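Visitor: Residue numbers (this note's numbering), protein chains in the order written: chain A, 5 to 464; chain B, 5 to 464.
Check the hints yourself; a few may be wrong.
Note: identical chains are not told apart, hence a pair may lie in one copy or across any two.
[Said to hold, decoys possible] Below, a list of computed lysine-lysine pairs in the DSBU-like style, where the Cα atoms sit at most 35 angstroms apart:
no.	residue 1	residue 2
1	14	364
2	278	357
3	357	115
4	364	290
5	105	364
6	112	357
7	105	39
8	377	464
9	357	290
10	342	60
11	105	357
Just so you know, these hints were derived from the structure itself, not from any lab.
If you're wondering where the values come from, they're calculated on a predicted model, not measured in any experiment.
Protein chains: 2
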Amino acid sequence: MMHTSDYIAKYKSRFIEELMAFLRIPSISTMPEHKQDIKQAANFIKDQLVAAGADKAWIIETTGHPLVYGEKIIDRQLPTVLVYGHYDVQPAEPYELWNSKPFEPLIKGDKIFARGAADDKGQFYIHVKALETMIATQSLPCNIKFLIEGEEEMGSGSLTNFLEDSANHNLLQADAILVSDTTIISMDQPSLTTGLRGIVYLEVTLTGANRDLHSGVYGGAVANPINILCKMLAALHDENGHITIPGFYDEVPDLTVAERAELNSIPFDLEAYKQTLGINEVIGEKGYTTLERVGIRPSLDVNGIWGGYIGTGAKTVLPSQAHAKVSMRLAPNQDAQKVMNAFVSYFSSLAPKGTQVAIKPYHGGCNAVVLDKNSLAFRAAENAFETVWGKHPFTTREGGSIPIIAKFKEKLGTDAVLMGFGLDTDAIHSPNEHFSLIAFFKGISTVIKFYENLAALYKK
Amino acid sequence: MMHTSDYIAKYKSRFIEELMAFLRIPSISTMPEHKQDIKQAANFIKDQLVAAGADKAWIIETTGHPLVYGEKIIDRQLPTVLVYGHYDVQPAEPYELWNSKPFEPLIKGDKIFARGAADDKGQFYIHVKALETMIATQSLPCNIKFLIEGEEEMGSGSLTNFLEDSANHNLLQADAILVSDTTIISMDQPSLTTGLRGIVYLEVTLTGANRDLHSGVYGGAVANPINILCKMLAALHDENGHITIPGFYDEVPDLTVAERAELNSIPFDLEAYKQTLGINEVIGEKGYTTLERVGIRPSLDVNGIWGGYIGTGAKTVLPSQAHAKVSMRLAPNQDAQKVMNAFVSYFSSLAPKGTQVAIKPYHGGCNAVVLDKNSLAFRAAENAFETVWGKHPFTTREGGSIPIIAKFKEKLGTDAVLMGFGLDTDAIHSPNEHFSLIAFFKGISTVIKFYENLAALYKK
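When you get a sec, could you build the whole thing from the sequences and use the hints?
Guide: See the structure below:
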């Protein structure tokens, strides 16, 4: 029987070709015009799981985008791992900033460029190829279940509904959940993510007059919704970068000296960080380091704004409406619903007479999560990194959110291990998203080692 | 020989059909893709002037959009009037808010709906039909010259260049300039505009990181250009609605008690104004009435803003750039170039470290104008309104800007008479722009009466 590393080496180019086929499907979950692509991506994964040697795999229809389930059960006495991932991707706008087409994957050097290359198709596909390798080399030491969704980028509504129904819990029963949708510190320094921020996302519309007006005839006498929306959004931060929503920080715990020390212990080069981003200064909440700001402190960002005339040239319009998309990242202990309500109440209060504000909350808000660093699965992951990457992994807090992780814990009682292989520089959600093929193949080996370690730890 | 009113009555439907043909040409000057439409509109006007009985008319090519010149000289001893107008129109966005297609004119009741119906095609076409009527009925008592441009909505650059060249001044020599591109108070109360605000227009771009970022991974630690642009734009007004740019008000004259009384003497129903606009309160500079705010006080409006993700659904992006179009309306005595420089200097100073600001001034800034209320032409216009509309016209200050009016005075030494027939409710620059056909035909009669009065006044 071939060794796993020989098997991976032998089929390397096929693995890459398959990943490219997966990346070619523009499975953008938030855009209704991509519904067929979403279906195609779900079927692609189902077929790939079967091809990899899963006992069975099937599509679970939902009121939204389908889930894909698959499993390989070798022995009910052995530990079972539920692999979670998502086959949907973010929109690719702005297209003009891409150096290659977002859905025509391009390999340059050791990187593959495409929307979804890192988030999450490339990372999730590691697990499909690890499954294939272990089955083909008869080295699979655990039971593996796969649950792959198509709504992660729009709030995981259908999967949340699926988890709400306890009739589905038996199917998903596992000793650990394994997810690759986060980052490591660098290709030289692996890390495991032990915390994620929560998120709340809303769209606000401010309306002034009942129609667009001429800015000469009305300018200075009638509320301009753009000017006022800017004022309202600006009022959400004070001069120290604190969020001004009343009660916003009530549940945010003060960081202890030990926590701060741990958060700041990971290798971080602020000068290199600024250089990579092309900025001469970082900006954020006063009194906190960059690692604290993104790792554990809450934040508020306008993710999109539009209003008035945005075409070529000048138009002297005083628009009827202005719009913005606003998201908040939450610290551990903040309640997403409570923050949502506080935002709605405060933001509405900022609208002056002569204007009307409408706020549309998006689904999929979630609380932050803090994961167990003492579980067998976590130790199996730490050791796998140490073996394959030659360095003990740091533990990090990640600024992003994976809403479903908290839901898994709540509904199944199962903790997740966030064994990501991405890099902060992968440009996820941005033009020119890419993923390291070195990380992809090292990822397959790390996942295989994880199962080996986990089986051994459970035997003890 | 037929009387002018009989002639107008006889050819009423043809006049409307011709106006509709003019309105069908999407001559949007600011959008390069409409270059051919601009040419077509210029030729249409040239042909119409010849058809109306002009001695000659021709296209004057420029580096931008063409000018159209035409003339009917009956006797060099008689007064000569230069009619100015523009055949270009504003963009029609947002299309979805139009109840009919912007370039398929629709008559509903006594109104004609189309982009340019009031600004300025419908108003300007009054003069073409007045010319035809007077020539056909052998009642033309003055010499008339026409100078029609295609860049009014983009700053009148080519016409300005044309005026800068003194070799062209003889061609444009006239005793008065007559312009219909402004409004009357209501269909029951005519008025003549004696002042226009100046304008300065700029586009600003704020850049943070060198690429779009994930708002989870970077949110709270890196400048978000949208949040910061909002803050910078908000900082341009204080809590009393005053503009905060240092030195901005230095040249703005304090209003005298008499001036304020005159400005506020015209019939104005604030409740009706609010009701028409669908707002419960007006907002503006503290200490001034609505008529003062739009008539003579300067203002600053964001005419467009965009940045980040503005499509359907949620995208957690922290964008690299955010943009806004900003215009300022100027009071008499303010210098457009000085205001422009003050804005650039102050706005740049508001950008924090970690961001870069770029400011692109648009051409066509202009100072405010205050017109002579004692000229023969002004008296001829007053009396024409009184005869045709049955009421003495009020004099008003209009908030909009017609940059070329100041240029005419500077280069030709000739004052303009702003004999507009529009209404504030015509929705110019907005969806569902329209023009009253009653105003159109009353306008033709008023213009004819103006020439009769002017000739009589010059004879005295």
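Visitor: All the hints need checking, so say for each whether the structure fits it.
Guide: Consistency of the hints with the structure:
no., hint, result
1, 14 - 364, "neither (52 angstroms within a copy, 57 angstroms between copies)"
2, 278 - 357, "between (42 angstroms within a copy, 12 angstroms between copies)"
3, 357 - 115, "between (54 angstroms within a copy, 32 angstroms between copies)"
4, 364 - 290, "both (30 angstroms within a copy, 33 angstroms between copies)"
5, 105 - 364, "both (32 angstroms within a copy, 30 angstroms between copies)"
6, 112 - 357, "between (55 angstroms within a copy, 34 angstroms between copies)"
7, 105 - 39, "both (20 angstroms within a copy, 31 angstroms between copies)"
8, 377 - 464, "within (19 angstroms within a copy, 101 angstroms between copies)"
9, 357 - 290, "both (33 angstroms within a copy, 14 angstroms between copies)"
10, 342 - 60, "neither (42 angstroms within a copy, 74 angstroms between copies)"
11, 105 - 357, "between (47 angstroms within a copy, 33 angstroms between copies)"
The earlier numbered hints that this structure contradicts are 1 and 10.
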